[in-house]
Amino acid sequence: GENVEQHPSTLSVQEGDSAVIKCTYSDSASNYFPWYKQELGKGPQLIIDIRSNVGEKKDQRIAVTLNKTAKHFSLHITETQPEDSAVYFCAAPQAGTALIFGKGTTLSVSS
Amino acid sequence: NAGVTQTPKFQVLKTGQSMTLQCAQDMNHEYMSWYRQDPGMGLRLIHYSVGAGITDQGEVPNGYNVSRSTTEDFPLRLLSAAPSQTSVYFCASSYPGDTQYFGPGTRLTVL
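Chains as they are written, first to last, in this note's numbering: chain A, 17 to 127; chain B, 31 to 141.
What the hints contain is simulated information worked out from the structure, not anything from laboratory work.
Don't take every hint at face value.
[What the hints assert, rightly or not] Here are the computed lysine-lysine pairs in the DSS-like style, where the Cα-Cα straight-line distance is at most 27 Å:
1) A:Lys58 / A:Lys119
2) A:Lys58 / B:Lys39
3) A:Lys53 / B:Lys39
Kindly produce the complete structure, drawing on both the sequences and the hints.
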C-alpha cells in the first residue's frame, strides 16, 4: 500500500518568514496530493491540492510543488501570519481511494 | 448541507464494552472513511468504503467493524473496547479522486 513520510514534525518561524513542509510517497501510481490544516479541536480541512499532471499550484500565500520522478511534494507558505499556526498534514491515495496521511507538522508562527 | 456529521462528540467506555460511532453525510459522496488520530501518529486509516455494500480494511483495522448499507451512513463498531482504542476518531467522505471532507470528530476514552 501507499506510505507517506512527512518532515519536519515541528517548525517554528517568525511572522513574515516562509515555511516549507516536505512529503514523500511510495506508490508511483498515486496522482492526487492534498494538504490539510487542522486547528485545535477541529477536523482537518483541505487548504490546497495538486494532481499529477501539473508541477506547481498556487493559492495566494500557499503553494504546492510536485516532483513525480522523485515522488515528493512540498507545501510552501509565504509571509506567514500567527493564524497559520496549526498542524499540517500531507496525504496520498491508497489504490486511488482512501487517503493515507503523513504524521503531521506542527507549525508555530511567532509575532 | 450539514456536510459530515459524527455522534457522539465524546464517549467514555469501560474495557470490554461495545459501542457504535455514527457517521453520516448529505453530499451523496460515494467514498467514506474512518480514521483515528493519536498524538505523534497523524491520521491512520481504519476502514473505508467506495460505495454502498462495499468496505475494505485500512492501516489499522483490528478491533473495528464497519458496514455500509446506505450511501449516507458509515457506522464504526467497537465490539470489545480496549484502552488502546482511546483516540479521536474522524469520519470523512468524498467523490472518487476529489476533496475529502472531515467530520468534527469523536473523542473516545476507554478505561
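These are the hints, each one checked on the structure:
no.	hint	result
1	A:Lys58 / A:Lys119	holds, 17 Å
2	A:Lys58 / B:Lys39	holds, 11 Å
3	A:Lys53 / B:Lys39	holds, 20 Å
No hint from the list above goes unmet by this structure.
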